[in-house]
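Visitor: One letter stands for each residue in the lines below.
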Amino acid sequence: MVDAITKTTELRAEALLQILGVTRKLAAPFDLATVLAEIGEAARALLRAERATIWLYEPVADRLVLTGSAVDPPPQATLEQGILGATARLREIVSVPDCSADPRFDPAVDLDYDNDVRCMLSVPFVEQNNLVGVLQVVDRQDGPFTAEDERIAETLATQCVVFIQRERMMRSLVTAEKLDREIKLAREIQMSTLPATMPRIHGYDLAGQFCPADETGGDTFDLVTIGDSRLFVLLGDASGHGIGPALSSTQFTAMLRVALRLGAGLDAIFTQVNNQLVEDLPEEHFVTAFLGMLDFERHEVEYHAAGQGPLLHYRAVAGQCEWLDPTTFPMGFMKYPFVEPPRSLTLAPGDILGLISDGVFEAHDASGRMFGPAGVAEIVRRHWDRPMSELLTRVLEAVRDFAGTEPQADDITIVLIARQGGTVADTTVRRYFKRSYDSLAPIFQFIEDFLAGRSIDPSLREPVCFIVEELFTNMVKYNPEAVRDIALALGQSDAALTVRLTDFDVAPFDVTRAPAVDITRPLEEREIGGLGLHLVRQMADTIRYEYADGRSTVTFTKTLG
Amino acid sequence: MFEIRQAESGDVVMAGRLDASQCGQALKFLDGVAEPRVIDLGGLEYISSAGLGVLLKTQKRAMAAGKGLKLVNVNRHIQDIFRYAGFDRIFEVVKASE
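The listed protein sequences correspond, in order, to chains C and U.
Each residue of the first sequence is one higher than the one before, starting from 1 at the first, in my numbering.
Each residue of the second sequence is one higher than the one before, starting from 1001 at the first, in my numbering.
Read the hints as simulated data drawn from the structure, not as lab findings.
It is possible that some hints are incorrect.
Unchecked claim - EDC-like, lysine to aspartate or glutamate: derived pairs with alpha carbons at most 16 Å apart:
(1) U:K1060 with U:D1080
(2) U:K1060 with C:E525
(3) U:K1095 with U:E1045
(4) U:K1057 with C:E448
(5) U:K1057 with C:D541
(6) C:K558 with C:D541
(7) U:K1060 with C:E527
(8) U:K1057 with U:E1035
(9) U:K1067 with C:E448
(10) U:K1067 with U:E1092
(11) C:K558 with C:E448
(12) U:K1060 with C:E524
(13) U:K1067 with U:E1045
(14) U:K1057 with C:E524
Given these sequences and hints, build the entire structure.
Guide: If you want it as structure tokens, here you go:
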């Protein structure tokens, strides 16, 4: 650009004025065709030539296309053809005083206008070594083109490049913004179909959340109460990204709601909606979906899981996550040759059914490691007895922490359904104990009385005492500055005994993260330090550590047989 | 309640509950036994990790003198703890007869 300006100063005043006129026009919001015509005309007039034409280079097709042509499609040329092609290939000005004497001349491309061409000036448009186009000026009125003509043409060409580049950039921006608006709209529609509040069902705790990725994905979920004993549960994920899947999932939810309203059963809905999707969706698209019906009087869930999995079934009794596979392939591929009866599972007190979209499992950290079912299981194991909305938040936080600075690549959707009765709030008994080993005897008594008073299996006594002693003595030993008594709370549910120790005004120490102990080492390498917490983790069925406001809380459970 | 004594046979006998508050007493007693060989845990209902520490220390001393400890009459719950702690690899453990 600087070169071009320096050269401009050497031009004659008339030319300069005309070039400035062109530049002004370039600044105005004219469309590309108008401006190119303007530049061509300026070139023709300035150089006192008969005609001027501009060709634009299309890199993908590797060819030049004539602008301003009345013919449709406009004439095209390869880079091998004529003086035009030579200019493009060489990226240098080619001035030919007598075309008939130049072997490169090819009337098929070098002149679209007439056959009687004498001289020609052919100027490439180049931007940072990339070919943008070629300006051709022919038949100067007063004889062959001069060196000054070349400079004028070159200056015009530079202006032209600037304009063409700007125009292309603007066009891509406008397109992007338009797409952006459309995606936002599709997103709003998608969000509007999600349930605004969770249905309230006695004895159950429900939570559902959809966290969109930056680019639209196709997740959706729905929870609809049917009659007074059933809940329809949906989690769906339409394949792909962009507006398509967002709309597919929206349509999918709408179809299901209509079918439900018409009183259709689970199998009929599954089959019919699949058939409809086969007809509606583009061939390569599909929807993975969990369609389930929870009978909340019988605590039974019947479901079809079409390519949707793994499904989480947290079993409170075992204190473990079970992962269930999909029952069939995704919806929308093809009509099901036959529909198997739905699978079913029973929710015991404290059990959780978790529907989790692949955005959670496939969240990855910078090294490409996936969060996976193990990441989910770890959080569920630690927080299963909290309200589902809290558990859901914990999972989302864990996914975010895990991913670190990696962007969220896919929609994330989680639906959690917990049968209550696994939590302890109502039956909890709490006592405070002085920070001394002398408190151990009254602590053991407290535990024994609690178990005896509730006819809980007495064989739980020693393991529970062991864990409590370890946690309690740890608190006493490692927080010598603390003065407040330590709280011990005991609670019972159908499924488990829950024990919680709370230490006040202390620094955090996560007992669940204490290093594992290698119990296979020989005697001389054995130390007692760390062994206690190792044993605690072995003996507790679940254990969780929380820290807030200077308070360390350790909660563990022992499953009741 | 925790009790520790030496029987006429020379075996050390522990009974009751060996928790963190009793460990000082237990260790002191064991240190006073010149060559501990057998510890009878038949009457021991409960042992905490601090109690395991007492056994570990005593075992190190016994091994240094050339002969390891034998833990006998170990009840089921304490067997579990020994297993979790890997004590079954560094002590000779004899279960209580059921």
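Visitor: Take the hints in turn and mark each one as holding or not.
Guide: So, going through the hints one by one against the coordinates:
With a C-alpha separation of about 22 Å, the suggested pair K1060 of chain U and D1080 of chain U falls outside the 16 Å cut-off, and the hint is violated. Under the criterion of a C-alpha separation no larger than 16 Å, the hint pairing K1060 of chain U with E525 of chain C is consistent with the structure, at around 10 Å. As the CA atoms of K1095 of chain U and E1045 of chain U are separated by approximately 14 Å, the hinted pair is consistent with the 16 Å bound. Between K1057 of chain U and E448 of chain C, the direct Cα distance comes to roughly 30 Å. Violation of the 16 Å bound is thereby established for this hinted pair.
Distance restraint check for K1057 of chain U and D541 of chain C: the Cα-Cα separation of roughly 30 Å exceeds the 16 Å cut-off, and the hinted pair is therefore not satisfied. Pair hint K558 of chain C plus D541 of chain C holds up; C-alpha atoms about 5 Å apart against a cutoff of 16 Å. Annotation: proposed proximity of K1060 of chain U to E527 of chain C holds, straight-line Cα distance about 11 Å (limit 16 Å). About 13 Å separates the Cα atoms of K1057 of chain U and E1035 of chain U, which keeps this hinted pair within 16 Å; it holds.
About 39 Å separates the Cα atoms of K1067 of chain U and E448 of chain C, which puts this hinted pair outside 16 Å; it is violated. Under the criterion of a C-alpha separation no larger than 16 Å, the hint pairing K1067 of chain U with E1092 of chain U is consistent with the structure, at around 11 Å. With a C-alpha separation of about 15 Å, the suggested pairing of K558 of chain C with E448 of chain C holds against the 16 Å cut-off. The straight-line distance between the Cα atoms of K1060 of chain U and E524 of chain C is roughly 7 Å, inside the 16 Å bound, and the hint therefore holds.
Distance hint between K1067 of chain U and E1045 of chain U is unfulfilled; the C-alpha atoms sit about 26 Å from each other, more than 16 Å. Of the supplied pair hints, the one linking K1057 of chain U and E524 of chain C holds, its CA atoms being roughly 10 Å apart against a limit of 16 Å.
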